[in-house]
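S.K.: Those sequence lines, one after another, are chains A and B.
All you need for the numbering used here is the position in the first sequence, starting with 1, plus 728.
All you need for the numbering used here is the position in the second sequence, starting with 1, plus 10.
Simulated from the structure, these hints should not be mistaken for lab results.
C-beta atoms are modelled at their ideal positions from N, C-alpha and C, and glycine is treated no differently.
Take these hints with a grain of salt, some might be off.
Said to hold, decoys possible - Derived pair list, reagent style EDC-like, types lysine to aspartate or glutamate, alpha-carbon separation capped at 20 Å: (1) B/Lys-75 - B/Glu-18; (2) B/Lys-75 - A/Glu-750; (3) A/Lys-920 - A/Asp-822; (4) A/Lys-754 - A/Asp-925; (5) A/Lys-754 - A/Asp-764; (6) A/Lys-754 - B/Glu-74; (7) B/Lys-72 - B/Glu-18; (8) A/Lys-828 - A/Asp-925; (9) B/Lys-72 - A/Glu-750; (10) A/Lys-920 - A/Asp-820; (11) A/Lys-754 - A/Asp-929; (12) B/Lys-49 - A/Asp-790; (13) B/Lys-76 - A/Glu-750.
What the hints assert, rightly or not - Derived contacts from chain B toward chain A, CB cut-off under 8 Å, selection only: (14) His-19; (15) Leu-53; (16) Ala-57; (17) Ile-81; (18) Cys-89; (19) Leu-93; (20) Asp-99.
Unchecked claim - Just so you have them, the derived chain A footprint on chain B, three or more residues with Cβ under 8 Å: (21) 30 to 43; (22) 72 to 80.
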Amino acid sequence: MSQAATASHGAVDTYETPLTPESWGKLGMWIFLAGDAMSFGALLATYGALRYGATDWPNPADALGISLTAAMTFLLICSSVTMVKSLAAMQDGDQAGCVKFLALTVGGGVIFLLLQAYEWTHLINEGMLLAENNFIVDSTGAVVGHLHEGQELAAGQMRASGLFGTTFYMTTGFHGMHVFSGVVYLSVVLRKAMRGDYSADNTAGIEIAGLYWHFVDLVWILVFTFVYLV
Amino acid sequence: MSGEGTHEHPNYMLIFWWLLGLTIAEVAVPMVITAQVPKIALLVSMAVAKAALVALYFMHLKFEKKMLGVIALTPMLICAFLLFMLMPDSSWRWIG
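Extracted from the complex, chain A is given alone in its bound form (with noise of 0.2 Å):
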């Protein structure tokens, strides 16, 4: 770091290297992302390595089903699409673009939540609990029935894994704890682009705001995958 460079700029500016990043809070964003990852690749793996080593698991579809999760997916990949558009907007200069795009964004994270809200609900109603269920299935796993009070299970037949509810509560809930914060977060980054924090030459925190959604977007295509379809 020269004097010269540090008088002029009045900042510490410090020195470049290959590996430098274009933005050192982009750089934080990615490193706590790597590391969110991992806590999310952990619940996958285990939810895998449970699954596989089960003979009475669920088949997913029939005792979630797609159609609504389906919906939420296709809603989060919109709230992905308004954030790039947010951030291109305020890099054009479209101030007021970039409020609208944000807060379609925020507003996609909120339906999101209540459509969790109405799954999560509707799931306990039926039965699904965090640690049992009531889900009857057969030897290929497809759930044939609920077990009621004192009733009998035919040959061939057995109550579902308690460990399936445990597992899809914890990936779930995990994610959608993320998705809230995310809707804090961007209703902050909101908050500041109405104030006019913001211009085409200072959008790192809208672009750092991004990273957070979209990743939770990726993550949620996973658990979409993993967790409802196959």
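The hints should help you fit chain B onto chain A, whose structure is shown.
M.R.: Just chain B now, with coordinates in the frame of chain A:
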């Protein structure tokens, strides 16, 4: 990220249509293919493709320095290793 005027942006809407198309295909796969191995292989391939599109274009990894790509890839390698390490435990069902 600096400079006045209009920036060159990736074609975000094209990525959106790819993501939408892959999502529709993913939902259709379990209805069309019942055999476990090809079904899982197809679903995982499409999920990885979607995740890669989001990372490369929405998160701009394609246009960043390689170091960020290395940071992004590291947890995937570690998770693959974790899966590999868990396999002996979950395989008891099939051999015992």
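S.K.: Hints first: check each against the structure and report whether it holds.
M.R.: Hints, one by one, checked against the model:
1. B/Lys-75 - B/Glu-18: holds (18 Å)
2. B/Lys-75 - A/Glu-750: Between B/Lys-75 and A/Glu-750 the Cα gap is close to 8 Å, so the pair holds against 20 Å.
3. A/Lys-920 - A/Asp-822: holds (15 Å)
4. A/Lys-754 - A/Asp-925: holds (18 Å)
5. A/Lys-754 - A/Asp-764: Answer holds: A/Lys-754 to A/Asp-764 is near 15 Å, not above 20 Å.
6. A/Lys-754 - B/Glu-74: holds (11 Å)
7. B/Lys-72 - B/Glu-18: Judged against 20 Å, a Cα distance of about 14 Å means the pair holds.
8. A/Lys-828 - A/Asp-925: holds (15 Å)
9. B/Lys-72 - A/Glu-750: holds (14 Å)
10. A/Lys-920 - A/Asp-820: Holds: A/Lys-920 and A/Asp-820 sit about 17 Å apart, inside 20 Å.
11. A/Lys-754 - A/Asp-929: holds (16 Å)
12. B/Lys-49 - A/Asp-790: Given that 20 Å is the threshold and the Cα spacing comes to 16 Å, the pair holds.
13. B/Lys-76 - A/Glu-750: The given pair, whose Cα atoms are some 12 Å apart, holds under the 20 Å limit.
14. His-19: With a minimum Cβ separation of about 5 Å from chain A (threshold 8 Å), the hint on B/His-19 holds.
15. Leu-53: Since chain A brings a Cβ to about 5 Å from B/Leu-53, closer than 8 Å, the hint holds.
16. Ala-57: holds (4 Å)
17. Ile-81: It holds, given that the least Cβ distance between B/Ile-81 and chain A is near 5 Å, below 8 Å.
18. Cys-89: holds (3 Å)
19. Leu-93: holds (5 Å)
20. Asp-99: holds (6 Å)
21. 30 to 43: As far as the segment 30 to 43 of chain B goes, the hint holds, because 6 residues have Cβ atoms under 8 Å from chain A.
22. 72 to 80: holds (count 4)
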